[in-house]
Each structure stands twice: as C-alpha cells, then as structure tokens.
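> Below, each chain spelled out in residue letters.
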Amino acid sequence: MKCRVCRQPAIIDIRRHNANFCSEHFLRLCRDQTAKAIEDFSMLEPGDRVLVAVSGGKDSLALWDLLIELGYEADGFYVGLGIGGYSDRSGETVRAFADQRGLRLHQVDMRTDYDTDIPTAAKATRRVPCSACGLSKRHLFDKAALDGGYDAVATGHNLDDEAAVLFGNTLRWQTEYLARQSPVLPARDGFPRKIKPLVRLGEREMAAYCVVRGIDYIVEECPMAVGNKHLGYKEALNEIESRSPGSKHDFYFGFLARASQRFADAAPAAGGLIGDGTPDPGIITGHCQNCGSPSTSEVCAFCRLIERSAGARPVTVTPKGRPL
Amino acid sequence: MKVHLRNPSRIVEVPGPVSIVALLGRLDLNRESVLVIRGGTLVPGDAMLDDEDEIEIRPVISGGAV
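Sequence lines, in order, name chains H and A.
For the first sequence, the numbering used here gives the first residue as 225, with consecutive numbering after it.
For the second sequence, the numbering used here gives the first residue as 19, with consecutive numbering after it.
Be a bit skeptical, because a hint or two may be false.
[As the list claims (entries may be wrong)] Capping the alpha-carbon separation at 25 Å, the derived lysine to any residue pairs in SDA-like fashion look like this: (1) 20(A) <-> 438(H); (2) 20(A) <-> 351(H); (3) 260(H) <-> 436(H); (4) 260(H) <-> 474(H); (5) 367(H) <-> 351(H); (6) 453(H) <-> 47(A); (7) 226(H) <-> 27(A); (8) 226(H) <-> 247(H); (9) 453(H) <-> 40(A); (10) 226(H) <-> 24(A); (11) 226(H) <-> 68(A); (12) 453(H) <-> 367(H); (13) 367(H) <-> 405(H); (14) 226(H) <-> 29(A); (15) 226(H) <-> 251(H); (16) 453(H) <-> 36(A); (17) 226(H) <-> 36(A); (18) 226(H) <-> 28(A); (19) 20(A) <-> 63(A); (20) 226(H) <-> 48(A); (21) 226(H) <-> 31(A); (22) 367(H) <-> 354(H); (23) 347(H) <-> 337(H); (24) 367(H) <-> 272(H); (25) 226(H) <-> 54(A); (26) 226(H) <-> 437(H).
[What the hints assert, rightly or not] Which bits of chain A does chain H cover? Going by a derived footprint, with three or more residues having C-beta under 8 Å, they are: (27) 41-55; (28) 70-78.
Source of the hints: derived by calculation from the structure; they are not laboratory data.
Even for Gly, the Cβ is constructed at its ideal location relative to N, Cα and C.
Given only the sequences and the hints, what does the whole structure look like? Please build it.
Listed below in structure tokens is the structure:
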C-alpha cells in the first residue's frame, strides 16, 4: 500500500476515501477534516476560547490535540465520575496528557465536590448509570464553560457516534431528537455553544491518530456502559460499512443536508427534557433556585440528582461495572 | 505469532505467515472495528505477519471488545 499523496509506504487504509496514507499525510488529513467541519458548520470564530470536554479516551484527547494544532485557545475540562478504577485511570491519563503539553486542565470530582458519584447517584435516583452520567456531565460542562467565560464547549463525538445516534433515533422516529441532531448547537440563555469538530472523522481514524501521535489514552471503555444499545448500533453500522464503504458518512451527512430541516418543527420532548434529562432550551421556564442554571422546574435535574443521592451509602462497582 | 486481544486482555497464538485481512477473518473481526499495531506502529491492511511477530489488535469502538 502506498500513500495517495506522496507514494511512500502507507500505514492506514481508509476505505470510504478509497485511499491509503502515510503517517504525515494521515495526520494532515485529520487536521484538514477537523478544520473543514469547524468552517462548514461555523463552529468557531478566530479568537474564540474553547473548553474541551475530556474523558481520557481517544476521541476527546485527539480533539484537544487537534484544536491546539489548529491554533485554537483550548483548555480541558475533566469530570471525575467515581466509577472505581476506571475513573482513577482515566483521570491519571488526562492529567498526564495536559502536564506533558503544558495545557490548562479544569477538574471537578463528583465525590469531592458533590459528595456523590455516578454509581451511587444512579442507584439512589433509579436512573440507568449512563443517564445519570450524561445529565451530570452536560450540567458540569455548561457550568464550567459559562463560569470560565468560554465561547464554546467542544466534545469528541465522531462520525461513528453521530451515525449511531441518528440510527437509533430513526429506528424509533424520535422526531424531537432528530430535530436537534446537529454538529453545532448555538448558545442560548444559560447554555454555551456546543460543537462537535470530529464529525468528519471515523472512530478508527481517531484511534489511529492517537497511535501515530503517541497519545496515551484509555482503551478500556467505561464498565458501566459496556453492552448498551449505542454500541449495538455501531456494530450494525460497521457491518454495513464493511460491505459498502462510505455508508456511515452518506447516512449522516445526507441527513444533515437533505432531511434534518424536515424535523425542525418537531414538538419538544415530553416534560420539557431532552436526551437524558437536559432541559429543552426552547421551553426553559426559569432558573434553578439552587444553582441558577436554566431549568424547567424550581430545582434543576442535576441538583435533584445530587439532593436525592445525598447521604446514600456509596456504591462500589466491580471491574465489570456491576454494583457490589 | 502472539496476538494480544483486548476487553478482556488476553493473548492467542496464531500460526504465520498470514495477511492482516486473513488474520482478521480467522478471528471473525470486522476491519472497520479494529487497528492492528506492531511495535507501537500501525500495520497496513495488506501487510504480511510472520510467525515470530507480536501484534496487538485494538478495538476502536468505544466499549467494543475483540
């Protein structure tokens, strides 16, 4: 295999581009695709300050690295979720990444700062762990971005993530979610702009980017997320992709270009909540009397989660994510 | 050759020489879902692996196992 650009030996084949790349030109491809996504969807303006939500996984660390490479002022934000050894290792990985590069990292630890953690909060509120986690992270990302005066929160969602979410929402025709699936969500009162600069890059490319750049990341996935529906959608889409390269790209970008506008008038989700309990920005009725965040009720979903898990006996999880 | 698989971490022995495509087929793995790494560097899809090679097959799907 030879690099499409320079004809030197290639290190990776990307079948949807029908092309192979050497290290140098693969890294350039990743930078170019990130820059194109930022430009095409007007994610950032020159001089914008970006807060990158980092987990220690390949996507978020690659995103942080790429934004710095592209010249953006990008700081990291890490939430310690308290999921046993997995959280310990992910935190160490993120801190090492930031220290080695001299980057600014903001950190919140659920146990230290809120006297709870995801396994405990999930059990106390009878939420599935991914729901409690998603709700907590979104709240804390928004708060950190607004408190720190950042213009946008960047997350490491890649093409595979977005195609899998679209697949799940389409399977059940969840029109209110389809109406909101976009690589960029503009800032609204109390919510910072949300951007997904990796939507033009696949999951395999992000892992390869980290290997080529020497980025040490957590290969293991959260033990509480293993086996969830989202993972099944990704596997199904990869079966299709292996027979018809480019299918994921066409599915997602075809939706954005030709279908997403058709759902723009979809009714807000029941209860004024979207996704895992985030208030729908379109029908915010006020602000949380506790923390001041936009909310559809007197106390926001995050503060209710914290209140209901206060004093609960901490839940310890096994390496496979099961409560002890 | 020694093949290091993840989640759970384990090592299996596979006789070489064998191509990447054939190896992944033998292990029933989708090329879209993994990277093959030898000595810290990526191994392209058309490479041949020798009997004395040690490689890692790394899942790229978050939460994925191989």
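> A separate judgement is required for each hint: does it hold in the structure or not?
Hints, one by one, checked against the model:
| no. | hint | result |
| --- | --- | --- |
| 1 | 20(A) <-> 438(H) | holds, 23 Å |
| 2 | 20(A) <-> 351(H) | violated, 42 Å |
| 3 | 260(H) <-> 436(H) | holds, 21 Å |
| 4 | 260(H) <-> 474(H) | holds, 17 Å |
| 5 | 367(H) <-> 351(H) | holds, 22 Å |
| 6 | 453(H) <-> 47(A) | holds, 20 Å |
| 7 | 226(H) <-> 27(A) | violated, 32 Å |
| 8 | 226(H) <-> 247(H) | holds, 11 Å |
| 9 | 453(H) <-> 40(A) | violated, 30 Å |
| 10 | 226(H) <-> 24(A) | violated, 29 Å |
| 11 | 226(H) <-> 68(A) | holds, 21 Å |
| 12 | 453(H) <-> 367(H) | violated, 29 Å |
| 13 | 367(H) <-> 405(H) | holds, 22 Å |
| 14 | 226(H) <-> 29(A) | violated, 31 Å |
| 15 | 226(H) <-> 251(H) | holds, 15 Å |
| 16 | 453(H) <-> 36(A) | violated, 34 Å |
| 17 | 226(H) <-> 36(A) | holds, 20 Å |
| 18 | 226(H) <-> 28(A) | violated, 32 Å |
| 19 | 20(A) <-> 63(A) | holds, 18 Å |
| 20 | 226(H) <-> 48(A) | holds, 22 Å |
| 21 | 226(H) <-> 31(A) | violated, 29 Å |
| 22 | 367(H) <-> 354(H) | holds, 20 Å |
| 23 | 347(H) <-> 337(H) | holds, 19 Å |
| 24 | 367(H) <-> 272(H) | holds, 18 Å |
| 25 | 226(H) <-> 54(A) | holds, 17 Å |
| 26 | 226(H) <-> 437(H) | holds, 20 Å |
| 27 | 41-55 | holds (count 7) |
| 28 | 70-78 | holds (count 3) |
Hints 2, 7, 9, 10, 12, 14, 16, 18 and 21 from the earlier list are contradicted by this structure; the remaining hints agree with it.
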